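Asker: Next come the chains, spelled out residue by residue.
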Amino acid sequence: MRNVVVKDATAAVAGLKDGHTVMIGGFGNAGLPLATLRAIVETGVRDLTLISNNAGTVEDDLTLLFRARMVRKIICSYPRGAKAFTDQYRKGEVELELVPQGTFIERIRAGGAGLGGFLSPVGLGTDFETGKEKITAGGREYILELPLRADFTFVKGKLADTVGNVTYNMTARNHCPAMATAAETTVVEVDRIVEAGALDPESIVTPCIFVDRVFARA
Amino acid sequence: MRNVVVKDATAAVAGLKDGHTVMIGGFGNAGLPLATLRAIVETGVRDLTLISNNAGTVEDDLTLLFRARMVRKIICSYPRGAKAFTDQYRKGEVELELVPQGTFIERIRAGGAGLGGFLSPVGLGTDFETGKEKITAGGREYILELPLRADFTFVKGKLADTVGNVTYNMTARNHCPAMATAAETTVVEVDRIVEAGALDPESIVTPCIFVDRVFARA
Amino acid sequence: MKTLGRSELARMVALHLPRQGFVNLGIGAPNEVGDYLPADTDVMLHSENGILNIGPRPPKGEEDWDLINAGKIPITLAKGGAFFDSNLSFAMMRGGHLDIAVLGAFQVSEKGDIANWTTGESNGAPPGVGGAVDLAVGARTIWVMMDHTTKEGGPRIVRACTFPLTAARVVSRIFTNIAIVDVTPSGLVLDAVLEGVTPAEVQAVTGAELTPARSLRRIDMTGSVAG
Amino acid sequence: MKTLGRSELARMVALHLPRQGFVNLGIGAPNEVGDYLPADTDVMLHSENGILNIGPRPPKGEEDWDLINAGKIPITLAKGGAFFDSNLSFAMMRGGHLDIAVLGAFQVSEKGDIANWTTGESNGAPPGVGGAVDLAVGARTIWVMMDHTTKEGGPRIVRACTFPLTAARVVSRIFTNIAIVDVTPSGLVLDAVLEGVTPAEVQAVTGAELTPARSLRRIDMTGSVAG
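Quick note, the sequences are listed as chains A, B, C and D, same order.
Residue numbers are given in the numbering used here: position 96 of the first sequence equals residue 114, and the series is strictly consecutive.
Residue numbers are given in the numbering used here: position 153 of the second sequence equals residue 171, and the series is strictly consecutive.
Residue numbers are given in the numbering used here: position 189 of the third sequence equals residue 217, and the series is strictly consecutive.
Residue numbers are given in the numbering used here: position 193 of the fourth sequence equals residue 221, and the series is strictly consecutive.
Think of the hints as simulated: they come from the structure by calculation, not from any bench.
Do not take every clue at face value.
As the list claims (entries may be wrong) - Keeping only pairs whose Cα atoms sit at most 35 Å apart, straight-line, the calculated DSBU-like set for lysine-lysine is:
1) B:152 / D:179
2) C:107 / C:139
3) B:109 / D:100
4) A:176 / D:179
5) C:100 / A:150
As the structure is a computational prediction, the values presented were derived from the model and not from experiment.
Given only the sequences and the hints, what does the whole structure look like? Please build it.
Answerer: This is the structure:
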C-alpha cells in the first residue's frame, strides 16, 4: 500500500532549493509547521518566495526564516508585528505582496484546482485593484485575481494515516487544506501518524492524493 | 438557541413559487432528497428552472417533477436515460443547458462564494466554449464561466443538528455541500435530527450558516 | 466632552444586535462586543480563521492555541459550533452569508465608505490587511464602532475618506463614544447622543453634515439607549 | 479478423498501469479495468462523484446506493479511502492531481484529440456529458480504450475527429481490441498488435498513418503483451 511517511523534518524538506516558492500553512501559530520551519533553516536555502498568511512575530515562527535571511519575497495578508521581517522590509531587503486574506486563500485554491483565475468583488475601488485587470460580468465589475502555486507546501495537521490522508485540529485548519492542493510537493507535519483505515473516511479533510510526505513532530 | 427544524417535507418547501430557480442535490439517487421532491410535486408550482446533475431516470426521482410538468429549463451535466425529461425535450417543451460536471459544480460554488465567475480550461476548443467569453491569463486562454444561484436548494444529508449543521453519507455528499451555499433558502432532508452539540465540530460538512430548514425523512 | 468608555461602547453595540443571526466581530475593540451578548442570545459569532459559533472566553490556564479567533486570542467553541477551512470561511463572508459585521475604523464617509486597514502613513513599516476588505465587502450589514474623533480631536466621520479605502459604500451604522449615526441614502442621520452632550457638540466634531433623527435617542453612560 | 474480448482488453490496460498512482477509470468498459488490477497494487482509484480509493465490487445483496461510482454502480471503499464533495473531486481532476485517466471514445485523432461524449447524431435525444470533458482536460495522462473500429468496420482512429471534441491534444495512448497505439509528437506509433493480426491489417482499419515501433510487441488473446 502507498506509504508517504518520512522519518523526520529533515527528510520532509528534501529537495527544497534556492529560489523556490513555498507555501506555509497557519494563522498565527495555529497550523504552523514549526519542526518543518527549523528543518528549512538547516537547509540553508535562499531567495525563497514565501506564501503564508503572516510573516511571524518576535518568536520562533516564520521569524526563523527571516532571521536566517532565506526570504526574497513574501505574499501574505497580515505581516504586522513581525519583527525580523519588518527590519528587512524597511531596508528594502525583502519584497511584500499584500493580499486581502479571502483573495489570498481563493488564489491558492484556484492554483490547486486548475483554474486560471476568478472574478472577485473584493478590493474594487481600493488600492488592491491597482495593476489588476477589471472584468465586467453579469452587469457588475470585478477584479481578475490570478492563481498561486508553489514548489513546496508545508502545513501542520493533527493526524495523518500512512497513505497520506490528513485531519486538522480546530482553527489550526485555516489555510492548510487549500495550500496542500497547490504545490508540486506537499508535506504535512502532524502530531501523530496512524494506520491506513484508522481515520473516518467522512472526516478526512485533505485526501491523500494531495499529500506527498507526512512526518510526526517529535 | 437557533432551531431550523421543520415538521415535514410540506413545511420544508413552503415559499416555493412559479418561475423559481431550484437546485437539487444528488448524483443519481445518492444525495437526492426524495421526500422533498414528492412535496414539491404537491405544491403544483410551474416553470421551474432546475439545477441538478441528472434529469431523472424512469423511476420516482427527478422524473416526478417532469411528469408533473413543473420544469421549464434544466441546467445539468448528464440527462441521459431520463424518460420523462427526454419526451418533453424532444417536443421542445423543456430547455436544456448542458454543462460539464466540474464546471457545473464550480459555477455553483462561485455563486455561493460571492465570486463573479472563474477562468476554466475545460471545454476549450469544443462546443462547450460556444457563446462564452474567452480570457487570456498567465499566457494561457481560458473560458469565463459564470456563477449559478437559486431561490431554493434542496439536498439530502445524513444527520442534521437542530441549529442546522449537516453531515452527508459517503458518495451521497457529491453536489450537496456547494448547492447548500448558493440559494436564498437552503433546505436539507436528513435521515435523522440530533441535538446541537451531538455532531463532531471537525466533521460537519455544511455549517449551519448555510442552512435555513432541516427535516427528517419520515 | 463626556465620552463612553470602551466597554460601554461595546455594550451599546451588543444591545443593538438582533436576537439572532450570524455576526463577525472585527479584531480589537469590536471583539469585546461578544462579552456583552445576553446569555440566551441566538446570535452566532463567526471568525474568519474558520470557526462558527464562538463561545465565552476560556478560563485562565485553559487556553488552547489551536482554538483562536482572527485576533489570535484564545476562544472556545459553543454547542452547535463548527470548524472549517479558510476557503469556506471567506465564502461565508464574500458570499453574503453573514448578517452583520462590526468593524473598527479610522474613518467613515457620509456615503458609507470605510477606511480601516491603514492610514497610509507607515513610516516604512509594512502594511497589513488581513480579512478587513473581504469582511467589509461581504457581510450584508456593516456596522462601525470607533471613537468619534482622533486622539487630536479631529473628525473620523467625514465627507470623503482621506485614508486608503477598505470598501466603498458599505457602512450602514456608526457607533461612537458619543453618538449613533445612521448612513442613509439622504445622508448621515444622528440617531442617538450621549447624555450631557448636545447634537451641536456632536456636529462640531463631525466632518460631514448630520441630520438629527425625528426622535433623537439618548445614550446613558452605561451604553444603554432610550427614547 | 480476430479481436480481443472486452474483458481481455480491460486486462491488457490493467497490466499497463504503473504499480502506484491515482487513476480514474471512465464509465463503461474502462471501469472493468479495475477488476484486473493485481491484489497488491498501490494504485488508488478515483471516481468523480467524490471518492478516492475504491475497493472491490460489493458482494451481491450488500450494495449500498449511497456508495456508487460515476457510472452509478455500487462499489466499496478500500482501506485508506476518503469521501469528499464534488468541488474537491473536480479540483483533483482539473488541477492535474490524477496521474492517469482511462477513457472510452468514439474517435481519437492522430494529434490526440478525443471525441467521447456525443456523436452529434442524437435523433432529437438530449446529449449528456457528465465529467468527460473535465477528466480529459484534467488528468496528467489520458489513455483511451475502445474497439479499433465502429460496428460497421469504419476507423475510430482518424486524422481529425468528425464527432464533437471532448478535448484537443490530450490522448497519449490508445488501447484497442487489436492493437496498442501511442500518440507521439511525430505521429501515431504502433506499439503492439494482436496475435494473428498483421500491422498492415491494423493500418487498413485505421484512418491515420501508423508507424510501427522498432520492436513491435505481440498481444495474446488473454490481453498479455510480450516482446
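Asker: Please go over all the hints and tell whether each is borne out by the structure.
Answerer: The hints, checked one at a time:
no., hint, verdict
1, B:152 / D:179, "violated, 38 Å"
2, C:107 / C:139, "violated, 39 Å"
3, B:109 / D:100, "holds, 28 Å"
4, A:176 / D:179, "violated, 55 Å"
5, C:100 / A:150, "holds, 31 Å"
Comparing the model with each earlier hint shows violations of hints 1, 2 and 4; every other hint is respected.
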